[in-house]
Structure formats: structure tokens, C-alpha cells
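**Q** Below are the chains, spelled out letter by letter.
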Amino acid sequence: MTPSVEPLTRALESSASDLLAYLERRVGADDAPDLLGETMVVAWRRVKELPSDDERARMWLFGIARGTLLNHSRGQRRRWALADRIRLQVRESATAPPADEGAEVRDAIDRLEPELAELVRLVHWERLSVADAAGLLGIPASTARGRYQRAKDQLRAALRQAAALP
Amino acid sequence: MSDPMDVLLDRSAPHLADRGSGRDAALAQMVHDARDTARPQKRPRRRIALLSGALAVVLMGGAGIATANSDWPWGQGLENPDRSYTYTSPTWGQCEIRYSGFETHNPLIQADVNRVIDEWFANTDVEAAADPYAAKHLAQIEADQKAAADPDPDPRLADLNAWQAHDQALSTALHEELKAHGYDSGAGDLAGTESRSQLHCEGEDWGGEGGE
Numbered sequence: 001m002t003p004s005v006e007p008l009t010r011a012l013e014s015s016a017s018d019l020l021a022y023l024e025r026r027v028g029a030d031d032a033p034d035l036l037g038e039t040m041v042v043a044w045r046r047v048k049e050l051p052s053d054d055e056r057a058r059m060w061l062f063g064i065a066r067g068t069l070l071n072h073s074r075g076q077r078r079r080w081a082l083a084d085r086i087r088l089q090v091r092e093s094a095t096a097p098p099a100d101e102g103a104e105v106r107d108a109i110d111r112l113e114p115e116l117a118e119l120v121r122l123v124h125w126e127r128l129s130v131a132d133a134a135g136l137l138g139i140p141a142s143t144a145r146g147r148y149q150r151a152k153d154q155l156r157a158a159l160r161q162a163a164a165l166p
Numbered sequence: 001m002s003d004p005m006d007v008l009l010d011r012s013a014p015h016l017a018d019r020g021s022g023r024d025a026a027l028a029q030m031v032h033d034a035r036d037t038a039r040p041q042k043r044p045r046r047r048i049a050l051l052s053g054a055l056a057v058v059l060m061g062g063a064g065i066a067t068a069n070s071d072w073p074w075g076q077g078l079e080n081p082d083r084s085y086t087y088t089s090p091t092w093g094q095c096e097i098r099y100s101g102f103e104t105h106n107p108l109i110q111a112d113v114n115r116v117i118d119e120w121f122a123n124t125d126v127e128a129a130a131d132p133y134a135a136k137h138l139a140q141i142e143a144d145q146k147a148a149a150d151p152d153p154d155p156r157l158a159d160l161n162a163w164q165a166h167d168q169a170l171s172t173a174l175h176e177e178l179k180a181h182g183y184d185s186g187a188g189d190l191a192g193t194e195s196r197s198q199l200h201c202e203g204e205d206w207g208g209e210g211g212e
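These protein sequence lines are chains A and B, in that order.
Note that my numbering gives residue 106 to position 106 of the first sequence, counting from 1, and the numbers run on in steps of one.
Note that my numbering gives residue 208 to position 208 of the second sequence, counting from 1, and the numbers run on in steps of one.
These are computed hints drawn from the structure, not numbers from a lab.
Predicted model, so just to flag it, every value in this text is computed and none were measured.
Just so you know, not all the hints are guaranteed correct.
[Stated by the list, open to error] No more than 25 Å apart at the CA atoms, straight line, and that leaves these computed lysine to aspartate or glutamate pairs for DMTMM-like:
| id | chain 1 | residue 1 | chain 2 | residue 2 |
| --- | --- | --- | --- | --- |
| 1 | A | Lys48 | B | Glu142 |
| 2 | B | Lys179 | B | Asp112 |
| 3 | A | Lys48 | B | Asp112 |
[Said to hold, decoys possible] Stretch-level coverage of chain A by chain B, calculated; a stretch enters the list once three of its residues show a Cβ under 8 Å from a Cβ in chain B:
| id | region |
| --- | --- |
| 4 | 11-21 |
| 5 | 55-66 |
| 6 | 79-87 |
| 7 | 105-119 |
| 8 | 136-143 |
Beta carbons: idealized from backbone N, C-alpha and C, even for Gly.
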């Protein structure tokens with residue numbers, strides 16, 4: 001394995017599960033494997049741009065994954081053969097996602113302005129810091145902090161109407 | 001003390017289906033497959049298989065080349081896999097392009113040109129020979145499409161681009177070989193020459209179109 005191959009292999013293997021979860025939460029289990037496949041192929045094509053720092057490398061991969069999501073939202077659909085194995089696992093999985101109690105909160109998030117909603121999802125679903133989420137969204141960290149607070153205030157108000165919150 | 005709102009938001013993440021114990025292995029395999037897809041590798045095992053198929057025909061006494069190594073209906077003149085090139089397509093998986101002989105319309109060079117081509121395919125790792133050109137052709141194709149005012153929305157675009165890039169790469173490498181033998185297509189030595197090729201991929205999707 002050449003020196004340029006090993007760091008990206010390591011970065012992809014360590015982040016693949018989180019990337020798949022990120023994509024699956026945005027587009028569902030059917031399309032997420034293809035977007036992960038596309039993310040990986042793009043990453044290999046741009047391997048020379050891989051940051052040397054592990055955390056920056058991870059965020060670089062999230063950035064590529066976000067690009068595939070944007071393409072997906074514009075209607076681009078590709079079936080990647082290399083995603084077949086993951087897709088097959090999804091189909092054969094006997095374990096359906098457990099019923100969860102977050103539907104009401106997700107609805108409230110969906111009603112936020114899109115840039116606020118995605119910021120909240122990145123912080124609370126993907127467990128990114130506000131600064132990392134800002135980098136991924138291409139906005140200054142200070143702007144992200146302000147938006148994040150505004151988003152939480154709006155959510156607090158919205159959810160207070162539906163249920164008693166402190 | 002944690003903010004109850006943070007707890008609520010954390011818990012709102014959609015639950016994901018359990019993929020089972022094989023998921024990590026599948027993801028690791030995907031990393032390596034993606035690398036192969038991003039930079040198509042030569043496939044020596046496939047090449048050996050094709051040659052074995054041709055050998056089997058000889059041993060069977062010519063029972064039919066077209067069905068000896070593949071059920072695929074190759075076009076006339078493309079049944080023999082000796083002029084074959086393989087690559088991995090982004091979504092269509094493993095692909096094979098077969099090439100016909102050259103019809104030069106010049107009896108003085110016809111036999112020798114095809115001898116050069118036959119010997120090149122027989123003695124050369126043609127995937128490796130074309131490899132330096134494939135990425136360059138693909139980059140050019142994608143750059144042209146990116147610059148186009150009206151982007152092509154065809155979902156098969158990545159596979160069609162790969163086909164075009166590999167076909168051009170193989171052609172470039174072959175013409176370099178012919179040039180080394182005194183047949184310079186750039187100088188018009190092969191003007192008017194005709195040839196054909198046909199593509200077949202394991203997971204191809206022509207949407208009702210032909211593949212030749």
C-alpha cells in the first residue's frame with residue numbers, strides 16, 4: 001500500500017459508518033449506500049487533497065458526502081455497483097428501525113428555515129461541533145453560533161406549544 | 001446540568017436499522033472497491049479467463065467461439081475475444097470492449113496493420129498500456145460536460161463517460177503501437193480505415209438502446 005493510499009483508507013474506514021448514518025438520515029436507507037459509494041469514489045479521485053490531520057480529514061469526507069446530498073437533491077441518481085453489498089444488507093436486515101419518540105421534534109426541526117434546520121441536525125444527529133458544522137456548511141463559526149441559538153429558541157417555542165417544556 | 005432541549009434534540013435523531021455484524025467488513029470492502037472504481041485497475045484474472053476460453057475452443061475442435069466463453073451475443077467479427085479490453089465501470093461493474101480488425105481499404109498495408117494489432121493484443125497487457133490515457137480522457141470528457149451550458153442529466157452518465165474514456169484510451173495506446181511500426185494515423189497513413197467495437201458490462205443499462 002503506497003503512502004498516499006493508507007491515510008485515505010484509514011480515514012474512510014474510520015468514518016464510513018458515521019457517513020452512512022449521516023446520509024441515511026437525510027435520504028433514507030435505499031439511496032444512502034449509493035451516496036456513500038459516490039462519496040468514496042470522489043474521495044479517491046481527490047486523494048491528494050486529503051488533510052493530514054485526522055479530524056480535518058473526517059470533516060473533508062463529510063464535505064464530500066454533503067456534495068453528494070446536494071446532487072441528490074437536484075435529482076441526480078446513480079446506482080453504484082460497489083454499494084451492492086451494503087444495499088443487500090439493508091434489504092436482508094431483519095431488524096427494522098425501532099419506533100422512536102422523536103417524530104414531533106423532527107417535525108419542529110423540519111419547520112425551521114433550511115439553514116437552521118441542517119445546523120441543528122449536524123450538531124445533534126451527527127454530533128458535530130458548531131464550528132465543524134459551520135465549516136461543512138461554508139459559513140463563519142460566529143454566524144453558525146448565532147443561527148444555532150436562534151434555532152434552539154424557535155424550537156423551544158414551537159415545542160412548548162405542543163408539550164410542557166421547562 | 002444538561003439542557004433538556006439538547007437532550008430532546010439528541011434523541012430526535014432517526015434510528016437506523018441494524019446492519020448486523022457484517023457491516024464493518026462490507027464498509028471496508030467498499031473502501032477498496034471505491035478505489036478500484038476511481039482509478040480503474042487492470043484485471044489480469046479476467047484476461048486469463050478469456051484466454052482460457054479461447055483455448056477451450058481449440059480443444060473442443062471449434063465447437064463455436066461465440067459460445068465458448070460468453071453467452072453474450074457479440075456482433076459479427078467480434079466473437080473472438082483475442083482483441084479484448086476490460087475495465088471496471090462506476091455502476092455497471094466489470095466491462096469488456098471487443099475490437100474488430102481494421103479495414104484499411106489499402107491492400108498494400110491491410111495484412112500488416114492487422115498483424116501488428118493482433119500481436120499487440122496477444123503480447124501486451126493492453127489495460128496497463130491504456131491506463132495512462134484513461135484518466136486524462138475521462139477528465140477531458142467531464143470537463144467538457146461541466147462547461148456545457150445544458151448539463152446532461154442522464155443517470156448513466158458516469159458509465160457512458162467511462163466507456164468513452166476507456167475506448168479512447170485503448171485507441172490512443174493502439175495508435176501509438178501502430179505508429180511505432182510505421183503507421184502514423186496522425187500523418188494520414190490510416191485515412192479511411194474502418195473498425196468496430198462493442199461493449200458489454202455485467203450490470204449494463206442501455207435503456208432500450210444498443211451497445212455497439
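**Q** Count the residues of the region 55-66 of chain A whose Cβ falls closer than 8 Å to any Cβ of chain B, and tell me whether that reaches three.
**A** Violated: only 0 residues of the region 55-66 of chain A have a Cβ under 8 Å from chain B.
**Q** For the pair supplied as a hint, B:Lys179 and B:Asp112, confirm whether the alpha-carbon distance does not exceed 25 Å.
**A** 13 Å, holds
**Q** Under 8 Å between beta-carbons, do enough residues of the region 79-87 of chain A, three at least, approach chain B for the coverage claim to hold?
**A** holds (count 7)
**Q** Go check the region 11-21 of chain A versus chain B for me, would you? Three or more residues, Cβ under 8 Å, otherwise it fails.
**A** holds (count 6)
**Q** Starting from A:Lys48, check that the Cα of B:Glu142 is at most 25 Å away, please.
**A** Holds, because 19 Å separates the two Cα atoms, which is no more than 25 Å.
**Q** For the region 136-143 of chain A, do at least 3 residues have a Cβ located nearer than 8 Å to some Cβ of chain B?
**A** violated (count 0)
**Q** Checking C-beta pairs, does the region 105-119 of chain A have three or more residues closer than 8 Å to chain B?
**A** holds (count 3)
**Q** Please verify whether A:Lys48 and B:Asp112 have alpha carbons no more than 25 Å apart.
**A** At roughly 44 Å apart (the allowed maximum being 25 Å), B:Asp112 and A:Lys48 break the hint.
The earlier numbered hints that this structure contradicts are 3, 5, 8.
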